[in-house]
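First to last, the sequence lines map onto chains A and B.
Residue numbers for the first sequence follow the numbering used here, so the first one is 1 and each next one is one higher.
Residue numbers for the second sequence follow the numbering used here, so the first one is 1 and each next one is one higher.
Calculated directly from the structure, the hints in this document are not laboratory data.
Careful: at least some of the hints might be erroneous.
Remember, identical chains collapse to one label, so a pair may be satisfied in a single copy or spanning two.
[As the list claims (entries may be wrong)] Computed list of lysine to aspartate or glutamate pairs in EDC-like fashion (alpha-carbon distance at most 20 Å, straight line): (1) Lys164 x Glu203; (2) Lys275 x Glu116; (3) Lys164 x Asp8; (4) Lys274 x Glu314; (5) Lys274 x Asp347; (6) Lys274 x Asp193; (7) Lys334 x Asp299.
Number of protein chains: 2
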Amino acid sequence: MATQRILDFLATRRPNGPCLVVDLDVVRDNFRAFEKALPDSRIYYAVKANPAPEILRLLAAMGSSFDTASVAEVEMAMDAGAPADRISFGNTIKKERDIARAYQLGIRLYAVDCVEEVEKIARAAPGSRVFCRVLTDGEGAEWPLSRKFGCVPAMAVDVLRHAKALGLDAYGVSFHVGSQQTDLTAWDRALGDAKKVFATLAEEGIVLKMVNMGGGFPTRYLKDVPAAQAYGRAIFSALRKHFGNALPETIIEPGRGMVGNAGVIKSEVVLISKKADNDNVRWVFLDIGKFGGLAETMDEAIRYPIVTRHDGSETAPCVLAGPTCDSADVLYEKTPYPLPLSLTIGDEVLIEGTGAYTTTYSAVAFNGFEPLRSYVI
Amino acid sequence: MATQRILDFLATRRPNGPCLVVDLDVVRDNFRAFEKALPDSRIYYAVKANPAPEILRLLAAMGSSFDTASVAEVEMAMDAGAPADRISFGNTIKKERDIARAYQLGIRLYAVDCVEEVEKIARAAPGSRVFCRVLTDGEGAEWPLSRKFGCVPAMAVDVLRHAKALGLDAYGVSFHVGSQQTDLTAWDRALGDAKKVFATLAEEGIVLKMVNMGGGFPTRYLKDVPAAQAYGRAIFSALRKHFGNALPETIIEPGRGMVGNAGVIKSEVVLISKKADNDNVRWVFLDIGKFGGLAETMDEAIRYPIVTRHDGSETAPCVLAGPTCDSADVLYEKTPYPLPLSLTIGDEVLIEGTGAYTTTYSAVAFNGFEPLRSYVI
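Chain A with its partners taken away, still in its complex shape (with noise of 0.2 Å):
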């Protein structure tokens, strides 16, 4: 995953300390695989994945959405070449004086799960769009999701019902399957239940329009287009099942999906030592870890592939560490991670498949190191 333009760049700039570099060209790729699997479907880049300018003004330029989790993400979408009305405020939990600066940037679409945000989108973004998000199982996901976001389909029939008496736009209901969800059945369930919410408004004169899908989307399936495309015709024919003739809109959130594999994060090995002398496992240390952007590997759940320059030799297990004197700042150990034998202290190692979700994650300053710098290229 680390592309020649990735690599070039590397050996031409020579970046002192740890960094993320992104490759555009991927991020291009894979906005015009989502496209193709999901024709019908609008795209909203979910810009807490990566807000580097440079990919939002690429995916801007393409003519993707955002999905927004702040107004400060709301004005760098803006900022990118982002009209008002492509833009989604999707957090469900908002201030009310950040939604009255949204309406005021000109934002009319707007995520709920409960009554009292309705209301408060009721008084300070008046006659906005609404979609309620529905809780899903998750089941199948790499990364399922808490009960943190959405509410019931039974309480999002009151949840829109309340908005529509308010005098916004019930609009449609959301829901997210889980990240790197791969079995496609989730999002039969998923569709199924949102069908329920319009089916039961709908014999109450209220009728939604749009059916936000989320994201979820597993990376490693875009590489591969036939997949891709088996994804959107599953999405499909799920949506034929339950709707019928009368399809609604439709919206995807990709964010993991968009730039996941388009960056790399270059680091260096700082230490290799064991504990004891006839430890067999090797603990190595980089000069990047938990608090400086790979937050994600929290209870190991994400596993990157790392390359280094000894691949293909013999391997050993061992127990992979960031640099900072935080006794939590361990990224694999109960799985211990197999890297080559003739590494040796001051290689460069590449962590691929980083471009999402490492440099807004980042400490401020934690143990003074300074945040993960990140190149778009």
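Please arrange chain B on chain A, whose structure you already have, making use of the hints.
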């Protein structure tokens, strides 16, 4: 723990958004309590706990030494007025060029836990003092340490012997009993291990001089001076027991113990909702979460006291969560947090005991939210 000075500051200044307020008077009291409890130990404040310049300047003026984790922290301590001979480069994981830079700045005291690190120091900081960290079992600590730092005592002997052979000053041994350690026998066991390293090397004519007892002092004992002194007495008698009349120099490295109870985070309730009509647990969303500074709620390890204007009225269990679109941004869920039923959206809450490990853990801009602001008064 919200002192009158902090309450007055918040009432007068009314800062917008979440922020940390640190009362320097409490830091001053904590420093004096440590001096009193362990009069024969030198205090090295762990800069990583909170590197605010005002805190470093106060402690430098009071005569504190500083435990640093990076060149940036060395520079911060020096900028605050600490001379180089009061600074320890306490991270066992250092790039050789960072050691060289610290040496250039005058730093002559370094932590190691393996032969490989000793070799870097011999090359980049010739003649310096090194102390070797030994592993402890961490039993009895609220936040037990992983095996990330230190080596077994037998290996520490090799490491220090190697240091001596390379012309370094084999200066001593360090350990860390784990954060918030309440079991006084933990120090006794660790000091016993340290003594063995001293004794083995003495037989070879290598005379160690110092024991670095690290941090781990529980915050809550500081308010209670007799208890702090009981701690001091227990440690002193363990020193006596193992070292007899040949007491070594000792160092302590309080971080959380120095600043934890000096800080309060002011936050705002953004949303209170349920996921279903029949849920008996409410979700309370604050404008600060795991990525805005409260990273230590990871696995619900640290449970901060939360103060509201409704305290004393009837409470009910709540799931407490942060404001980002990240499903992992939940503070307390496995053990719900009791909060007043009359708590409402827009209410201010005070999160106490947050002076340590908050500002620096804060993410750069996750979801577009700015890092935790801090006021030191």
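Cross-check of the supplied hints:
1. In the homo-oligomer, the alpha carbons of Lys164 and Glu203 lie at most 20 Å apart inside one protomer (14 Å), although the nearest pairing across protomers, at 85 Å, exceeds that limit.
2. When the C-alpha separation of Lys275 and Glu116 is checked against a cutoff of 20 Å, the pair qualifies only between copies, where the shortest distance is 12 Å, while the shortest distance within a copy is 54 Å.
3. Within a single copy, Lys164 and Asp8 get their C-alpha atoms no closer than 55 Å, and across copies no closer than 44 Å, so neither meets the 20 Å cut-off.
4. Only within a single protomer do Lys274 and Glu314 lie at most 20 Å apart by alpha-carbon distance; the minimum there is 18 Å, versus 54 Å between protomers.
5. In this assembly of identical chains, the alpha carbons of Lys274 and Asp347 lie at most 20 Å apart only when taken from the same copy (18 Å versus 51 Å across copies).
6. Within a single copy, Lys274 and Asp193 get their C-alpha atoms only as close as 53 Å, which misses the 20 Å cut-off; across copies the closest is 19 Å, which meets it.
7. Both within a single protomer and between protomers do Lys334 and Asp299 lie at most 20 Å apart by alpha-carbon distance, with minima of 9 Å and 16 Å respectively.
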